[in-house]
Amino acid sequence: MGEIEAHESKLYSEFAPFYDRFFGKIFYSRLRHVIESLNIPRSARVLEVGAGTGVSFPAYPSHCEVVGIDLAPDMLARAQDKIQEHGWSHLSVMEMDAMHLEFPDDSFDYVMAFHVVTVVPDPVRMIQEAKRVCKPGGKIVIVNHFTSAFPPLGFLTEILDPVTRRLGWRTNLKLKPFVEATELKIDTIYKPSKLSLYTVLVGANQKNGCRSS
Numbered sequence: 000m001g002e003i004e005a006h007e008s009k010l011y012s013e014f015a016p017f018y019d020r021f022f023g024k025i026f027y028s029r030l031r032h033v034i035e036s037l038n039i040p041r042s043a044r045v046l047e048v049g050a051g052t053g054v055s056f057p058a059y060p061s062h063c064e065v066v067g068i069d070l071a072p073d074m075l076a077r078a079q080d081k082i083q084e085h086g087w088s089h090l091s092v093m094e095m096d097a098m099h100l101e102f103p104d105d106s107f108d109y110v111m112a113f114h115v116v117t118v119v120p121d122p123v124r125m126i127q128e129a130k131r132v133c134k135p136g137g138k139i140v141i142v143n144h145f146t147s148a149f150p151p152l153g154f155l156t157e158i159l160d161p162v163t164r165r166l167g168w169r170t171n172l173k174l175k176p177f178v179e180a181t182e183l184k185i186d187t188i189y190k191p192s193k194l195s196l197y198t199v200l201v202g203a204n205q206k207n208g209c210r211s212s
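Residue numbers (numbering that gives the first Met the number 0): 0 to 212.
Just so you know, not all the hints are guaranteed correct.
Okay, the calculated beta carbon distance ranges per label pair [said to hold, decoys possible]:
no. : residue 1 : residue 2 : range
1   : 61        : 136       : 19 to 27 Å
2   : 60        : 83        : 17 to 25 Å
3   : 120       : 88        : 17 to 25 Å
4   : 184       : 76        : 30 to 38 Å
5   : 104       : 83        : 27 to 35 Å
6   : 83        : 180       : 37 to 45 Å
7   : 180       : 96        : 29 to 37 Å
8   : 76        : 205       : 18 to 26 Å
9   : 180       : 88        : 35 to 43 Å
Simulated crosslink set (DSBU-like; lysine-lysine; CA at most 30 Å straight-line) [unchecked claim]:
no. : residue 1 : residue 2
10  : 206       : 193
11  : 173       : 190
12  : 130       : 175
Hint data in this document are derived by calculation from the structure and do not stem from the laboratory.
In this text, all values refer to a predicted model and were calculated from it rather than measured experimentally.
For every residue, glycine included, the Cβ atom is placed at its ideal position computed from N, Cα and C.
Input sequences plus hints: build the corresponding full structure.
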């Protein structure tokens with residue numbers, strides 16, 4: 000699928016103070032809708048990879064335990080500030096590589112990946128790690144942009160890809176090859192609206208003989 004260097008984008012380091020201002024308002028409403036639609040049960044353990052500044056954190060119910068990881072310390076510092084400011088005892092953050100998770104197998108009921116599969120160098124490896132730490136029958140939830148099936152937009156994303164890679168993300172990740180390569184069992188796939196550039200994927204984690212109902 001090609002490679003980009005992980006977390007070299009200034010957007011994810013030096014620009015951390017501006018991230019919430021410019022992206023928080025754009026991303027939060029869709030992430031809140033996705034999280035609320037999951038009806039996360041009491042005592043569930045949730046991992047959010049690429050949590051950044053914690054844009055999604057206010058949307059998580061207080062009855063679950065959420066761990067957010069990221070490789071950008073400046074982003075995590077802002078996320079930690081939010082946790083302390085709001086007294087979110089159910090939330091914590093750790094500096095960690097999404098492609099080399101330091102958690103035991105079957106640690107989480109949900110693994111969230113919001114706007115991150117086009118940032119990491121190897122999205123397939125990242126999802127493999129997500130599947131490893133997710134419990135059998137657990138949910139892997141992805142929100143991301145993928146190359147448009149509409150030819151003019153698809154062509155535009157191919158043209159823009161060399162530019163966006165310099166900023167730290169790709170625009171030409173194709174949905175079907177990604178799903179096939181990760182071997183995700185997709186339960187739900189949808190766009191938040193007809194004009195949305197983003198796709199929501201909810202997959203069941205199948206391993207150890209487990210199959211979703």
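- [ ] Confirm or reject the claim that residue 180 and residue 88 have a C-beta distance inside 35 to 43 Å.
- [x] At roughly 38 Å between Cβ atoms, residue 88 and residue 180 fall inside 35 to 43 Å, so the hint holds.
Open item on the list: If I claimed the Cβ atoms of residue 120 and residue 88 lie 17 to 25 Å apart, would that claim hold in this structure?
Closed with: violated, 34 Å
Open item on the list: Does residue 193 sit within 30 Å of residue 206, going by the straight-line distance between their CA atoms?
Closed with: violated, 34 Å
- [ ] Evaluate the given range 27 to 35 Å for the C-beta pair formed by residue 104 and residue 83.
- [x] For residue 104 and residue 83 the Cβ distance comes to about 31 Å; the hint holds.
Task: Restraint status (C-alpha distance of residue 173 to residue 190 at most 30 Å) - done: Roughly 15 Å separates the two Cα atoms, so the pair holds.
TODO: Mind checking the hinted window 30 to 38 Å against the Cβ distance between residue 184 and residue 76?
DONE: holds, 36 Å
Task: residue 83 versus residue 180 beta-carbon gap, inside 37 to 45 Å or not - done: Given a distance of about 39 Å, which is inside 37 to 45 Å, the answer is holds.
TODO: Below or equal to 30 Å on CA atoms is what counts here, so check residue 130 against residue 175.
DONE: holds, 18 Å
Open item on the list: Range first: 18 to 26 Å. Now tell me if the beta carbons of residue 76 and residue 205 are that far apart.
Closed with: Hint violated: Cβ distance 37 Å, outside 18 to 26 Å.
Open item on the list: Quick check: does the Cβ-Cβ distance between residue 180 and residue 96 fall within 29 to 37 Å?
Closed with: Violated, since residue 180 and residue 96 (Cβ atoms, about 20 Å apart) do not stay within the stated range.
Open item on the list: For the hint 19 to 27 Å, verify it against the beta carbon of residue 61 and that of residue 136.
Closed with: holds, 24 Å
Task: residue 60 paired with residue 83, Cβ distance criterion 17 to 25 Å - done: The hint (17 to 25 Å, Cβ to Cβ) holds, given that residue 60 and residue 83 are roughly 19 Å apart.
The earlier numbered hints that this structure contradicts are 3, 7, 8 and 10.
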